[in-house]
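Q: Sequences are here, hints too, so could you generate the full structure?
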Amino acid sequence: MYGPRMARVAMLVSNRYDPDPRVQKEAASLVAAGHEVDVYAFDREQVMSVLDETLDGVRVHRLQLGRYPYGQIVPTLLGMPSFLSAVKKLLLARAPDVVHCHDQDTCPVGMWWSQRGALLVHKSRGGRGLFVYDAHDFYWTFLLMGGEQAQWRRAAASLLERRERYYAKHADLLLTVTEGIAAHPGTAELYRHWGLRPIVLWNAPRRVSEQPPLPARFTVGYYGAVREPGMFRFLLDAIAQLPAAERPALRVAGGGTAQARVAEMLAAASHELGIPVSVTGAFDMSQMSALMAECSLQFCVYPRASGNIDRSLPVKLLDAVAYGRKVIGNANTLMADFIEQKGWGSVVHEGDVSALAAALSAAGRELAGRSLPLTLPAPPTWDEQADKLCAAYQRMLAHGSQRSAP
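For what it's worth, our numbering labels the leading residue of the sequence shown as 1, then goes sequentially.
If you are wondering where the hints come from, they were derived from the structure by calculation, not from laboratory data. It cannot be assumed that every hint is accurate.
Stated by the list, open to error - Derived pair list, reagent style DMTMM-like, types lysine to aspartate or glutamate, alpha-carbon separation capped at 20 angstroms:
hint	residue 1	residue 2
1	Lys-88	Glu-36
2	Lys-169	Glu-179
3	Lys-169	Asp-103
4	Lys-123	Asp-38
5	Lys-169	Asp-105
6	Lys-89	Asp-52
7	Lys-342	Asp-103
8	Lys-123	Glu-36
9	Lys-388	Glu-179
10	Lys-388	Glu-366
11	Lys-88	Asp-52
12	Lys-89	Asp-43
13	Lys-342	Asp-310
14	Lys-169	Asp-137
15	Lys-89	Asp-105
16	Lys-89	Glu-36
17	Lys-88	Asp-105
18	Lys-88	Asp-137
19	Lys-169	Glu-189
20	Lys-388	Glu-189
21	Lys-388	Glu-36
22	Lys-342	Asp-284
23	Lys-89	Asp-38
24	Lys-342	Glu-366
25	Lys-88	Asp-38
A: This is the structure we're talking about:
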């Protein structure tokens, strides 16, 4: 039914897809290239009112299978098997050519499809189905956050790391998110160390057609998942060191496991520090231009224990630069290499309150009285990444496994 350049693709995510920006960009790019894409998502907290919809030509199916609070180990262990089992049944009915798994927790279905599932519906290439692994994070590192000395955490993390290597080795196409440009490696370097050749798709923004002006008051923004209260405490402590006249306003947008706690913390700080604070929940990418109009600078200093932050380039950082806003990021990381090499802002060590205060003060002085966005070296754009993704799919569909792709 399908030629070598067209496929029916099933994408799997273990979040509720409201939507997931990277996954939606990839799915929409594949649809634009002529593929059919269905996304199967796990609404584990049962909060979405729309379970089935079409976004940019991508068919989205959200599964509600009981309430399993996000970010908690036991509910996750209970809920994921139900989700994976339900997805298998849907794939047998839909019979995709490719199962594209986002993050390690959905990979068991991709492996099952490539080794057995496709054969059950007589849909296979070279005797089996195709399995794409899209590795956004080093999944095992999250188990070590805040509990590095716990023996069970180290043992479980070691097991997940071995599973990571297994899934990456057996995927017909391995995608990941970063690679080094200077002193620090990205995620790609680990897979190369294992003898694999991943395709790097930067989590880049779509090309920005118009940059909104800077707000009248110097405002620090944070737009993304709110999971780490400590990073906001660090920011507030630095603001408290500044003279009252230099203190920036704050604009925070995004959902996440710590959203309510952080919103309460920032509301108290607004009163204590005498600064305007605006906090809103989850947003979609169509709102990004309006959000950027409300900030002068993006805050990207994460706890170093937060997963693989030393190898990451946060999407909020690239979004900010694309809109002519500088950033403050973690020193001695991959993001620091980019920030310092390209002049995208400044870097500080996590916990160095005085250094962060100095960086905020310097940025406030630089932007005082300025309304036009800054002219910054351009970040990667999704247009380029979409071309790489579609080319990799074409090679895989024509020739099978791309484990040795350049």
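Q: For every hint, state whether the structure bears it out.
A: Structure-based check of all given hints:
Between Lys-88 and Glu-36, the direct Cα distance comes to roughly 18 angstroms. Compliance with the 20 angstroms bound is thereby established for this hinted pair. Taking the CA atoms of Lys-169 and Glu-179, the gap is near 18 angstroms; set against the 20 angstroms cutoff, the hint holds. Annotation: proposed proximity of Lys-169 to Asp-103 holds, straight-line Cα distance about 14 angstroms (limit 20 angstroms). Between Lys-123 and Asp-38 the alpha-carbon distance is near 17 angstroms, which keeps this suggested pair within the 20 angstroms criterion.
For the proposed pair Lys-169 and Asp-105, the alpha carbon gap of about 16 angstroms is at most 20 angstroms, so the pair holds. This hinted pair checks out: Lys-89 and Asp-52 have alpha carbons roughly 17 angstroms apart, not beyond 20 angstroms. A threshold of 20 angstroms between alpha carbons decides the hint, and for Lys-342 with Asp-103 the separation of about 30 angstroms lies outside it, so the pair is violated. With a C-alpha separation of about 16 angstroms, the suggested pair Lys-123 and Glu-36 falls inside the 20 angstroms cut-off, and the hint holds.
Distance check on the hinted pair: Lys-388 and Glu-179 sit about 15 angstroms apart at the alpha-carbon level, within 20 angstroms; holds. At most 20 angstroms may separate the alpha-carbon atoms for a hinted pair to count; Lys-388 and Glu-366 exceed this at roughly 37 angstroms. In summary, the hint linking Lys-88 to Asp-52 is supported, as the alpha carbons are separated by about 18 angstroms, within the 20 angstroms threshold. Straight-line distance between C-alpha atoms of Lys-89 and Asp-43 comes to about 17 angstroms, which keeps the hinted pair within the 20 angstroms bound.
About 18 angstroms separates the Cα atoms of Lys-342 and Asp-310, which keeps this hinted pair within 20 angstroms; it holds. For the given pair, Lys-169 sits about 16 angstroms from Asp-137 by alpha-carbon distance, which is consistent with the 20 angstroms threshold. Straight-line distance between C-alpha atoms of Lys-89 and Asp-105 comes to about 17 angstroms, which keeps the hinted pair within the 20 angstroms bound. Distance check on the hinted pair: Lys-89 and Glu-36 sit about 19 angstroms apart at the alpha-carbon level, within 20 angstroms; holds.
A threshold of 20 angstroms between alpha carbons decides the hint, and for Lys-88 with Asp-105 the separation of about 14 angstroms falls inside it, so the pair holds. Distance check on the hinted pair: Lys-88 and Asp-137 sit about 24 angstroms apart at the alpha-carbon level, beyond 20 angstroms; violated. At most 20 angstroms may separate the alpha-carbon atoms for a hinted pair to count; Lys-169 and Glu-189 meet this at roughly 14 angstroms. Distance restraint check for Lys-388 and Glu-189: the Cα-Cα separation of roughly 18 angstroms lies within the 20 angstroms cut-off, and the hinted pair is therefore satisfied.
For the suggested pair Lys-388 and Glu-36, the alpha carbons sit about 18 angstroms apart, so the restraint of at most 20 angstroms is met. For the suggested pair Lys-342 and Asp-284, the alpha carbons sit about 28 angstroms apart, so the restraint of at most 20 angstroms is broken. As the CA atoms of Lys-89 and Asp-38 are separated by approximately 14 angstroms, the hinted pair is consistent with the 20 angstroms bound. Taking the CA atoms of Lys-342 and Glu-366, the gap is near 17 angstroms; set against the 20 angstroms cutoff, the hint holds.
The straight-line distance between the Cα atoms of Lys-88 and Asp-38 is roughly 13 angstroms, inside the 20 angstroms bound, and the hint therefore holds.
The structure shown violates the earlier hints numbered 7, 10, 18, 22.
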